[in-house]
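Colleague: Work out the full structure, taking the sequences as your base and the hints as a guide.
Quick mapping for you: the protein sequence lines, in order, are chains B and F. Using our numbering, the letters of the first sequence map in sequence onto residues 168 to 933. Using our numbering, the letters of the second sequence map in sequence onto residues 168 to 933.
Treat the hints with care, since some could be wrong.
When chains are identical, the list treats them as one kind, so a pair holds in a single copy or across two.
Claimed, not checked - No more than 16 Å apart at the CA atoms, straight line, and that leaves these computed lysine to aspartate or glutamate pairs for EDC-like: (1) LYS808 <-> ASP193; (2) LYS924 <-> GLU209; (3) LYS887 <-> ASP871; (4) LYS540 <-> GLU703; (5) LYS330 <-> GLU915; (6) LYS656 <-> GLU668; (7) LYS473 <-> GLU612; (8) LYS556 <-> GLU253.
Treat the hints as calculated values from the structure; they're not laboratory data.
Number of protein chains: 2
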Amino acid sequence: MKNKNNTSYTANILPYIPFFYVIWSDDLVSASEINVVKKAIENDETLDHTAKKTLISWLHPDTPPVNSEIKSWKSTINHAQVKLIESDIYPLTSFSKRLLGYYYSDEKENEQLKHIEVNLGIQPNHYHHLFDVEVIEEITSDYYDSSAIDAILKGEFAVGVSKFHETLKNPIFNWDIQRTKEDFRAKVLDQVHYLAQEKYGAIAYPKAYGGVNDMESYAFIFEHLMYVDGSLAIKFGVQFGLFGGSIQKLGTTYHHDRYLSDAGAAKLLGCFAMTETGHGSNVRGIKTTATYDAKEDCIVIHTPGKNDNKEYIGNALDAKMASVFAQLIVNGKNEGVHAILVPIRDENHTLYKGITIEDNGYKLGLNGVDNGKIWFHQVRVPRENLLNKYGSITEDGHYHSDIKNPNKRFFTMLGTLVGGRICVARAGLGGAKMALTIAIKHALERRQFNDSIKIQEDLLMDYPTHQLRLTPAVAKAYVYDIALQHIMKVYSDETIIDKREVETQVAGLKSIITWYANATIQECREACGGKGYLIENRIPDLKGDVDIFTTFEGDNTVLLQLAAKGVLSDFKAEFNSNGFVSVLKLLSTQLSDKLSTINPLYANKVDADHLYNPKFHKHAFSYRTRRLTYSLAMRIRDYIKKGVPSYHAFLKVQTHLLALGKAYSCELAFDTFISFTENMKDKKHQELFKKISTLYALHEIRSDAAWYLEQGYIGSSKSKAIRQRVERLCTELRPHIEVLVDGFGIPEHLITAPIAKSRRNNLEVS
Amino acid sequence: MKNKNNTSYTANILPYIPFFYVIWSDDLVSASEINVVKKAIENDETLDHTAKKTLISWLHPDTPPVNSEIKSWKSTINHAQVKLIESDIYPLTSFSKRLLGYYYSDEKENEQLKHIEVNLGIQPNHYHHLFDVEVIEEITSDYYDSSAIDAILKGEFAVGVSKFHETLKNPIFNWDIQRTKEDFRAKVLDQVHYLAQEKYGAIAYPKAYGGVNDMESYAFIFEHLMYVDGSLAIKFGVQFGLFGGSIQKLGTTYHHDRYLSDAGAAKLLGCFAMTETGHGSNVRGIKTTATYDAKEDCIVIHTPGKNDNKEYIGNALDAKMASVFAQLIVNGKNEGVHAILVPIRDENHTLYKGITIEDNGYKLGLNGVDNGKIWFHQVRVPRENLLNKYGSITEDGHYHSDIKNPNKRFFTMLGTLVGGRICVARAGLGGAKMALTIAIKHALERRQFNDSIKIQEDLLMDYPTHQLRLTPAVAKAYVYDIALQHIMKVYSDETIIDKREVETQVAGLKSIITWYANATIQECREACGGKGYLIENRIPDLKGDVDIFTTFEGDNTVLLQLAAKGVLSDFKAEFNSNGFVSVLKLLSTQLSDKLSTINPLYANKVDADHLYNPKFHKHAFSYRTRRLTYSLAMRIRDYIKKGVPSYHAFLKVQTHLLALGKAYSCELAFDTFISFTENMKDKKHQELFKKISTLYALHEIRSDAAWYLEQGYIGSSKSKAIRQRVERLCTELRPHIEVLVDGFGIPEHLITAPIAKSRRNNLEVS
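Modeller: Here it is in structure tokens:
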């Protein structure tokens, strides 16, 4: 073959040169990857024995090619000055073809090279900077389809959600900067009325009361409202989810018939008065009393002390009625916390006698929600106003409940409200998705710094640090989305009577997801620099609104302990300190059997095949949960054996409880996602989802590497390999990052941040 | 001796029982701690041989006392029902004395027990819950003195700062909720004028211009202004530090005489116009041009393109003049970035022709600062307006600079502005201190949950998780305070001409401290629950204001890379890619010598003596910095050897650079603090400072445990021991936590958050 430009490489070897240069310029080549290349070489019929031998000789990790060889590859490539076109289907193979054309006028495509390119997952952004050649850049790839991804995520709800997108196009939902709480609240109230009118308020209620009994769609709507405005989501949730939900779930037909339709239509505005200034997390300790007055057959609601008023109550300024949680006292006996409907304002919006309400004032976020404090002074309501599904006062003035154990009764009542916690997590997730969409679209337009030889600066998204700060967060959004959809499905499944497991799971997921949301929004703020600080770019409001999600609807620190205790008591019908020692004994026997010692070979397996294998990920997560459960149970048992009271034993292991709560929730989310991925019918996008799950898993293991190393579950080299793989996966996902955020399916008209729109606008103009 | 109540323990052994119960109920007893107890027993003359033998027999970690023995201790204690009084000087020894009194009517105090109590550092909050006896609780201890601590921190600046506290009592500084930017800005401007009138604006300027040449006091004032309001601090910094500072540091006598006094008196309001919409971090790439027009002997300032306007410019709406950074073009040659004074408004506050200014609008925080965008259209200013300390245009129209290398000239100019970066870190630290003070005072008042047998709920501050989330942050505040004071001293030292090392250090410290500040404020917000979300409690504003510190005055991610590059080039006069390979070679030789392999015995030393030894901490930090430098240098060298261009080699190691930047800064802060502590004269408080440095060090090592484990620097057991010690140190500091935040010396009248005041108010009433 004619060698029209001078090169020392033969025509069959030459196309391999760019591949070898890419492979060896970085050192991240594992045995399995070398095997891919070897096999390709062996199968390549264009290669004679000598060529094969030469190529194979360049594939020994222990005796890598010398630097002068690598430099000679590089100069061979640069000398040719052929273009690297990122939009080619096989960019590096095509590049090799052109290289061959330059030296030998023969542009043959090599099938084996395609094989290497695909199986090594090498992409232009891995190597385009390695060559001093012209790069025809591609800011984003259209290999995957964002609408297909969106459809996969929404599943059976796609049609309903699309319809809802149309509803949100009403100008009433246009976003603007709001600084005065009164104006902001008025706007949000209008929005709530509009949604009620469009039948979205009652969506989770039974058909008889204007709804379609669809809690899962309610959760979708809730998340979408975050894209409009956080205050709207919360106000909507207070009115229809908490106030209406308490009537629906804690009340009986009497209350449903009287109030539920009006609540769903926002004709009766109400609030959910549970939290007190003195008692947030410890609901069982609230002080407001509801004393049954047998003589007048009514219930007297009263705030006994200075810090016993209700606080942070949403809708407090707009509501006509409150669902008040109070200690129910019947015939002098405290029957525990119950909810009672208390009218608070008349039709002229004047407070009823005995009720005092104060505005909570300005907050870090959610200033479109009218949070307030409420005091009750001997306020009398009819006996029937007790929401009496789980405990009632009979006509002859006696307390009755089918659930005899007061503890169990309390948790059953609270348990019915777990749906709200799922929605809060969904809203947090929605905030994170919105912030990621804005930050990533900005990073695909904004350039800063360059190599001195280049004219154009580099895109922020092409910086490894930028990829590492945003890409794992995108992966997590996918995992949490599927996990939250699944848990809502289980929660809404009326055939599952015993909801304790779901409660444990929701407590954990709500915590890790709202923390994730806050951390992500903060990363996005910083990733956008000064632009992220401007309110017009939406991230500031997301940050302020989502912040409170970590401590309301259950403080995360408290919830994680709840989740951990749920894991511990998994084996028993009910958790109490008497039976606890035997639980621990049982637990420790069952767990220690499973916790086999980790084989050192396994702990140091760094091969890509292994690191990318979901079996490894599942095992790592399950090992962590079990190990933490076991060691926690052992610690508590030891304390109790020594006579340390159970309450204090739990205090002593508090940080351990948090670790278990997190580990459990992470495993739960991952397992749900893996099951979902395995069942996907769309094989092309399934690959993408698998990559997402791998990034999620490796990133999570990396975040907790200290623990895994301490346990000897992973060794040093494996830990380092995981770190490198996380960075590499972020780079591999780089071309698809815009498709991934578009896949969230946030309605385009709601992405109003100027920094997220300018590239789009420029594209439309050009 | 009479045994008036039945016990199986003899009178000499009995006082040891509470100690042994405390020691064995937890398992955290190391060899050195057991030795303390052993020695005390051996020295105890009240013990006969049998008693000693019995006590010593309870001290073997391998054969600990059986559980029935421990339970018998506990019932002996509980049965007596003597009080545990936390305010006793030796609470446990006193408790033992009363126990002896109950059983043997003989209340002798045992000196050896005091010795154990002190040397084991066991405190009532470690064990008070272990006994079922009445505890006379102590919310805070007055063993240490907050005023003494405050005086130690302020050092020679104490008098000046106290005077400044008085200035801040003027009602003009009263805090209130501000929602409208126009009103807010007007208020802040008034405050700035008042401070100027009180001579604080010019404090860092030379005497001839109204100042006292005291940059260190300026930094104290800057931090204190954060306690008043973040917007005030920043507006003050823009006017006096950036605008005035640019005249002072980049200008010559001509500019000083004409403008500096007026700038310091706030008679001439100015802005510092460096950042552009298209160029934030990459200052060298700014596009605004300053073209010398020889014919008219003037400089023409111009904004060439759409994204080349100045942006986020503080004081943009109030200023009459701007210090504009632009590419200086003289005789067709670009001489690089220079600053030029440009009048922007006339005395009627009308914009001069060619100048357009737009409000940047509402931001996440700092809404009292008038940030804006500025465009220049062919604006002409006299040649003399060039701030010409490092580069001037001669009368005959030629460019002249004593610094021939344009690179060096650019960095010299920017280097003079490094003081601003120190102040930003100080302000961030001030925000963190304020938030910690509020959150901790709240946690010492707020109770939630209890043991079912108790009436009163537990204080938030008594929960281990709460201690762990706040106490290390308090320790860090102390370390960073001293570090920033020290770096400002070095920066202000005019005998040190070469400021490059300081620049590297400031870049690193500013990054880790502003990130620390944000994370801390967020922890405080969550630690205060719903109360932390209310603007009246101040944390929301701190959160919004401090947020931007991570990306302004240098984006942290960029600055850390700068710091890391500074470390790499420590050996060379100037960092450039040509000489880089030889630097790397030198570096690797020098470093590999020092990086001896870690002895496995050392890697698994878990004794308290060792873990609390500052030598271990110093070694751990220095090892990390050196190891990361070495491995980074090796990686870059390998890339360069293979022909990867230097710019891309650095991209490939970007996350490694960040790790080095952080490690270096952490070591620097710690070393500074350790030196400070060693020189303290007040021995009592020195002990406290030593404990702070230990907590800082162990917490930091713990945070990076994955890395230390990967390197084999610590083994599993040491890693776990460090984790336990961090928790234990938090508990040990629990009684002193209020004194520690009071030691920050935030003026009482500025701590306006209702949640930080209510206990104080209650104390005053009672």
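Colleague: Determine for every hint whether it applies to the structure shown.
Modeller: Hints, one by one, checked against the model:
no.	hint	in the structure
1	LYS808 <-> ASP193	between (56 Å within a copy, 12 Å between copies)
2	LYS924 <-> GLU209	neither (50 Å within a copy, 78 Å between copies)
3	LYS887 <-> ASP871	both (13 Å within a copy, 14 Å between copies)
4	LYS540 <-> GLU703	between (31 Å within a copy, 15 Å between copies)
5	LYS330 <-> GLU915	within (14 Å within a copy, 56 Å between copies)
6	LYS656 <-> GLU668	within (13 Å within a copy, 59 Å between copies)
7	LYS473 <-> GLU612	between (55 Å within a copy, 14 Å between copies)
8	LYS556 <-> GLU253	neither (64 Å within a copy, 48 Å between copies)
Violated hints, in rising order: 2, 8; the structure is consistent with all others.
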